[in-house]
Amino acid sequence: MAVLVYTENWNGNFKKLSYELVSYAHSIAKSIGSQVVCLTVGNVSNENLQLLAQYGASKVLVCKNADLEKFTTQSYSSLIAKAAETEKAKVLIFASNASGEALAPRVSVKLSASMVSNAVGVPTSVEPFVVRKKAYSGKAFADVVLDAPVKVLTLTQNAYKVEENPQNLNIEDFQYQVDSADLKMLPSEIIKSDGKLSVSDAEILISGGRGLKGPENWGMVEEMAQILGAGTCCSRPVADLGWRPHYEHVGQTGKVVAPNLYIAIGISGAIQHLAGVNGSKVLVAINKDPEAPFFDSADYGIVGDAFEVIPQLNEAFRKFKAQQ
Amino acid sequence: MKVLICIGHVPDTTSKIKFIENDTKFNTTDIQYIIGPHEELVLTRLLDLRDAGNNMNITAITVGLAETENTLRKVLAMGADDAIRVNAEPTNAFFVAQQIAGVVKNGNYDLVITGKESIDYNSGQVAGMLAELLNFPSINTASKLEIQGEKLIFERETDLGKEVIEGVKPMIVSAGKGFAIEPRIPNMRGIMMSRKKSLAVLEPTQNGANTKIEKFYLPQPKGKCKMVATDNVPELVRLLHEDAKII
Ligand SMILES: Cc1cc2nc3c(=O)[nH]c(=O)nc-3n(C[C@H](O)[C@H](O)[C@H](O)COP(=O)(O)OP(=O)(O)OC[C@H]3O[C@@H](n4cnc5c(N)ncnc54)[C@H](O)[C@@H]3O)c2cc1C
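Just so you know, the protein sequences line up as chains A and S, in that order.
Quick note on numbering: the first sequence equals residues 23 to 346 in our numbering.
Quick note on numbering: the second sequence equals residues 13 to 259 in our numbering.
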């Protein structure tokens, strides 16, 4: 019996998200008297694998197979289902990211499991098994009962704290034969992004709205992001107008984010925007209109012209960082 | 090419969310329902491709009770060719996927496409479950679709960039943002024509819901916003450090 975590790696590296998943899995494993097994695909150094043990993994299955160099939902979900059967997994954990969201539903059907996506915490009860998830695009939460013997969960990013739970790690080669029928829609081309911090991974997000008037004014936003080691994002009209790339659009119909700190500059705070960001731990609004709805949801606010406030704020952040 | 688009019937994005019956049920009083915004963009792209001369028959499907027919009529008014309603309460994603899988098995569709997630339950599960039930290849959260001759070319954003994927029929795709920017607005002619288009009602085939919502919660209300004056901007940095302890 195990809690199986699909720990994706990015060119052989894990990231904070991976350790959130393992920490979360460890907490569930403890409550059901089980242990954490991770599965990863491709070449990962032993040193990196050991990091999973730091957060609670007892075993890691490493599957090296040339057929898995490129991703298809079919080949990866078949692999994960096979590992789940081998390990007699009772609970499977995925990230709520591009690959986790693609794989978890397929795996859940293969295993006749119950599934919940976007979990925000550990089960509130294990018998019956109840998990809280985001609902109404950030406007509410729901407790969901999972009836089937096997449970599949995807975990919201930045919802569970990374916790050290050092274990002795057992590293196993996982032999797996890929069915050629599972390789039907291999990507024909892979286009690498510029390596900027992704909106979902960022712990601090600096977000700009239509109040910034045009794409030429994003320099001060990027500058703030650079000083704070933050990511950048934007409101929907900004993406729709082509001022910023679409993947930066946050909100009910864009990315739902929950960073530690979200700084909104020149964003009115429409309900669809807030829905996607109000899971953030601290919200800051900077807007020249004192009546802007964002101030009703923010923790801190400045009523002022962004073009005057932001340069001063950047200066203050820079000073603060220099003293750290 | 035969396309089936799975449409969600969801509360308008401006809806204030409230619950009733001890927070076990969504309060539908005064709620306007709309076509799922992701599906709306996907449909817009399909219609644009069809109107550009690509041979395509677009069927819309929803799993829902009679009140969802208004939403399907809007989809027909936008330009979908016909519609199917599976007459059942969509209790969970697996149940919905099972109903749609039943329809796909009898329908010879080349492409079955869904929005990337519903904006009410935010599960994003239907496409993947459907793909597995039918054993079709699938792409999740595609961000672009082009047609080149007979080929469907998709893009999908990943954590490292994006992938270009050529579709292999029959396939399942979930998509949204990126397919189109503004949704198509039905015109008068579309609205008139929609009344004559077929909207078939089918009874559900199986019942396999294996999750159940026990209770809903609203987020904790925020405290009052602390304001910083424009002549004292560095104060915000101090507050974030000493008060919020976030930097
Ligand atoms: C179906 C649907 C889905 C939607 N989904 C989303 C979504 O996912 N995400 C999203 O963001 N929106 C979404 N929207 C749009 C949403 O309703 C708002 O229109 C949008 O969020 C407004 O963006 P904004 O705040 O950048 O622009 P505006 O509403 O134009 O606000 C600009 C703000 O900037 C302020 N400002 C102007 N000049 C300055 C200055 N010099 N200094 C400081 N402040 C200044 C103004 O006071 C104003 O408050 C959706 C809408 C619909 C209908």
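Heads up, some of the hints might be wrong.
[Claimed, not checked] No more than 30 Å apart at the CA atoms, straight line, and that leaves these computed lysine-lysine pairs for DSBU-like:
id : chain 1 : residue 1 : chain 2 : residue 2
1  : A       : K303      : S       : K234
2  : S       : K181      : A       : K303
3  : A       : K310      : S       : K238
4  : S       : K224      : A       : K183
5  : S       : K234      : A       : K310
6  : A       : K92       : S       : K163
7  : A       : K52       : S       : K181
8  : A       : K218      : S       : K181
9  : A       : K52       : A       : K37
10 : A       : K132      : A       : K235
11 : A       : K235      : A       : K206
12 : S       : K117      : A       : K206
13 : A       : K214      : A       : K310
14 : S       : K257      : A       : K183
15 : S       : K227      : A       : K303
16 : S       : K156      : A       : K277
17 : A       : K52       : A       : K92
18 : A       : K310      : S       : K257
19 : S       : K163      : A       : K214
20 : A       : K343      : S       : K257
21 : A       : K341      : A       : K38
22 : S       : K30       : A       : K343
23 : S       : K224      : A       : K112
24 : A       : K132      : S       : K181
25 : S       : K224      : A       : K235
26 : A       : K206      : A       : K183
27 : S       : K238      : A       : K303
28 : A       : K81       : A       : K132
29 : S       : K156      : A       : K183
30 : A       : K183      : A       : K343
Calculated from the structure, these hints are not laboratory results.
Against the structure, the hints:
1. K303(A) <-> K234(S): Between K303(A) and K234(S) the Cα gap is close to 11 Å, so the pair holds against 30 Å.
2. K181(S) <-> K303(A): violated (44 Å)
3. K310(A) <-> K238(S): OK: K310(A) and K238(S) at ~16 Å, within 30 Å.
4. K224(S) <-> K183(A): Since the Cα atoms of K224(S) and K183(A) sit roughly 27 Å apart, the hinted pair holds (cutoff 30 Å).
5. K234(S) <-> K310(A): holds (21 Å)
6. K92(A) <-> K163(S): Holds. K92(A) to K163(S) sits at ~20 Å (cutoff 30 Å).
7. K52(A) <-> K181(S): violated (44 Å)
8. K218(A) <-> K181(S): violated (35 Å)
9. K52(A) <-> K37(A): holds (23 Å)
10. K132(A) <-> K235(A): Given pair K132(A), K235(A) is violated - Cα atoms ~50 Å apart, limit 30 Å.
11. K235(A) <-> K206(A): Cα-Cα ~45 Å, so violated.
12. K117(S) <-> K206(A): Holds: K117(S) and K206(A) sit about 19 Å apart, inside 30 Å.
13. K214(A) <-> K310(A): violated (38 Å)
14. K257(S) <-> K183(A): The hint holds at about 16 Å.
15. K227(S) <-> K303(A): Given pair K227(S), K303(A) holds - Cα atoms ~24 Å apart, limit 30 Å.
16. K156(S) <-> K277(A): holds (16 Å)
17. K52(A) <-> K92(A): Violated, because 34 Å separates the two Cα atoms, which is more than 30 Å.
18. K310(A) <-> K257(S): At roughly 26 Å apart (the allowed maximum being 30 Å), K257(S) and K310(A) satisfy the hint.
19. K163(S) <-> K214(A): Given that 30 Å is the threshold and the Cα spacing comes to 24 Å, the pair holds.
20. K343(A) <-> K257(S): Within the cut-off at roughly 14 Å; holds.
21. K341(A) <-> K38(A): Holds. K341(A) to K38(A) sits at ~28 Å (cutoff 30 Å).
22. K30(S) <-> K343(A): violated (43 Å)
23. K224(S) <-> K112(A): Cα-Cα ~19 Å, so holds.
24. K132(A) <-> K181(S): With a Cα-Cα distance of about 22 Å, the restraint between K132(A) and K181(S) holds, given a limit of 30 Å.
25. K224(S) <-> K235(A): Outside the cut-off at roughly 46 Å; violated.
26. K206(A) <-> K183(A): Cα-Cα ~38 Å, so violated.
27. K238(S) <-> K303(A): Within the cut-off at roughly 15 Å; holds.
28. K81(A) <-> K132(A): holds (23 Å)
29. K156(S) <-> K183(A): Distance of about 34 Å is beyond 30 Å: violated.
30. K183(A) <-> K343(A): At roughly 24 Å apart (the allowed maximum being 30 Å), K343(A) and K183(A) satisfy the hint.
Violated hints, in rising order: 2, 7, 8, 10, 11, 13, 17, 22, 25, 26 and 29; the structure is consistent with all others.
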